[in-house]
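Visitor: Chain by chain, the residues run as shown.
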Amino acid sequence: MSEGFNIDIVNPEKSFLSKENVSEVVVPAYEGEMGILKDHIPIISFLKPGIIKVLSGSEEHNFYVEDGIVEFKDNTLSILTSSIFDIKNVNKKHVSDEIQEAENELNKDDLNDQKRFLLNHKVEILKSISIN
Amino acid sequence: MASLDDLKKRISSVKSTQKITKAMKMVAAAKLRRAQESAERGRPYSEKMNNIILNLSSGVSDKENAPKLLSGTGDDKVHLCVVLTADRGLCGGFNSNIIKKAKSYFQKISDTGKKLKIITVGSKGYDQLKRLYQDKIIENISFKESKNANYFDADKVGKIIIEKFENNEFDVCTIFYNQFKNVITQIPQEQQIIPLKTEEKDNKSSEENYEFEPDEDEILGNLLPKNISTQIFKAMLENSASEQGSRMSAMDNATRNAGEMVDKLTIEYNRSRQAAITKELIEIISGAESL
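As you go down the protein sequences, you meet chains A and B in turn. For what it's worth, the working numbering labels the leading residue of the first sequence as 1, then goes sequentially. For what it's worth, the working numbering labels the leading residue of the second sequence as 1, then goes sequentially.
One or more of the hints may lead you astray.
[Said to hold, decoys possible] Cross-link-like lysine-lysine pairs, in silico, BS3-like; alpha carbons within 25 angstroms at most:
#: 1; chain 1: A; residue 1: Lys14; chain 2: B; residue 2: Lys48
#: 2; chain 1: B; residue 1: Lys8; chain 2: A; residue 2: Lys48
#: 3; chain 1: A; residue 1: Lys53; chain 2: B; residue 2: Lys48
[Unchecked claim] From the derived model, a few chain B residues whose C-beta atoms are all more than 12 angstroms from chain A:
#: 4; residue: Pro67
#: 5; residue: Gly72
#: 6; residue: Lys114
#: 7; residue: Lys117
#: 8; residue: Leu132
#: 9; residue: Thr174
#: 10; residue: Asn209
#: 11; residue: Tyr210
#: 12; residue: Leu220
#: 13; residue: Ala250
#: 14; residue: Ala254
#: 15; residue: Glu280
#: 16; residue: Glu289
No wet-lab data here; the hints were simulated from the structure. Remember, it's a predicted structure, so these values are computed and weren't measured experimentally. Even glycine gets a Cβ: it sits at the ideal position worked out from N, Cα and C.
Assemble the whole structure, with the sequences as input and the hints as a guide.
Guide: Right under this line is the structure:
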């Protein structure tokens, strides 16, 4: 038995990432960051805007997601998301566009607290990406 | 009999039609490959989504309080039909097969005295339905500008449907599309998406005890709207593959028929040319004899 587990990240158009033997994944779950190791109990949760960190050996990959669902079962982690990109080869323009859009959204009056919180959070994360 | 000149014109016109259909067939074949690939790439997402929902819904203990998208409104009075067709014609029976399927469903609905509402996606479906069901069509969406089926468009349709559902505009929602089996066969499908039909599955996987964060209801509430968009996206992908497949075989047929026609016309042309020559010869000979 290997000491890692499998990860599948799919978006509606294609399979985004499929990797074996991953040692740890940190996902921005709805109620806080969640680190997943091998033999985690089956879990379903959804994501808020944030960064998925995939650790395998000494490698580390970071992805930005906006929303999605994560399921862990039989040592396979599936992440379904409609908006994901790799932070390494990110388009700066795209990020600043997203920030702009989120900020515009924030200026609307008819937001409930939950939505406002999510948008604020999104802007924060995106800003931290664009600085790096 | 048509004059030689007319025949010549017809032959060249059929030939140029054949050129067009041949080109369309090639284009459709290339597009089909791409559409098929993206349909295959999109499959894992919708399959996973389906699995999660199945797992979740089998775990819902309190059926009464389950989200309405899953359990329905409890009524069965107003049916919303989403008819997904292509934006272009010249693809054989592709559009009319969907329409035929949808129409027989509409008939069933109105026979049982239920109310019918229609959303058409794609302009061809709208064109074919507007004559009979003009007053029933509440929305006509077309994505002529988008080159390929993309999730963004599907999400737009999904949001419209959910908004209407939340305003209690309908009780049951069914989508119509063509499922791609192979290049020659596309199967028109009707699929009920609200309330979600969960196929009774074997109890194997319900033994899995998931941990939910936050609780099941909230996850379901978040997931079900996404599932609508996903189902529509799947239908759009299947549709675009079917459209190209259907167009390809239709154009292949057309090219072959045009070829046959050119052959026939050429024979006729040659015959009448020969007849004219013979006639002239007879005239000359009989003229010479009478001298």
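Visitor: Run every hint past the structure and note whether it holds.
Guide: These are the hints, each one checked on the structure:
1. Lys14(A) - Lys48(B): holds (12 angstroms)
2. Lys8(B) - Lys48(A): Roughly 70 angstroms between the alpha carbons, so the hint for Lys8(B) and Lys48(A) is violated.
3. Lys53(A) - Lys48(B): holds (21 angstroms)
4. Pro67: holds (14 angstroms)
5. Gly72: Holds, because the least Cβ-Cβ distance between Gly72(B) and chain A comes to about 23 angstroms, which exceeds 12 angstroms.
6. Lys114: holds (32 angstroms)
7. Lys117: holds (26 angstroms)
8. Leu132: holds (34 angstroms)
9. Thr174: holds (21 angstroms)
10. Asn209: violated (7 angstroms)
11. Tyr210: It is violated; Tyr210(B) is separated from chain A by about 5 angstroms at its closest Cβ, not greater than 12 angstroms.
12. Leu220: violated (10 angstroms)
13. Ala250: holds (28 angstroms)
14. Ala254: holds (32 angstroms)
15. Glu280: For Glu280(B), whose nearest Cβ neighbour in chain A is about 69 angstroms away, the distance exceeds 12 angstroms, so it holds.
16. Glu289: Non-interface label stands for Glu289(B): nearest chain A Cβ at 83 angstroms, farther than 12 angstroms.
The earlier numbered hints that this structure contradicts are 2, 10, 11, 12.
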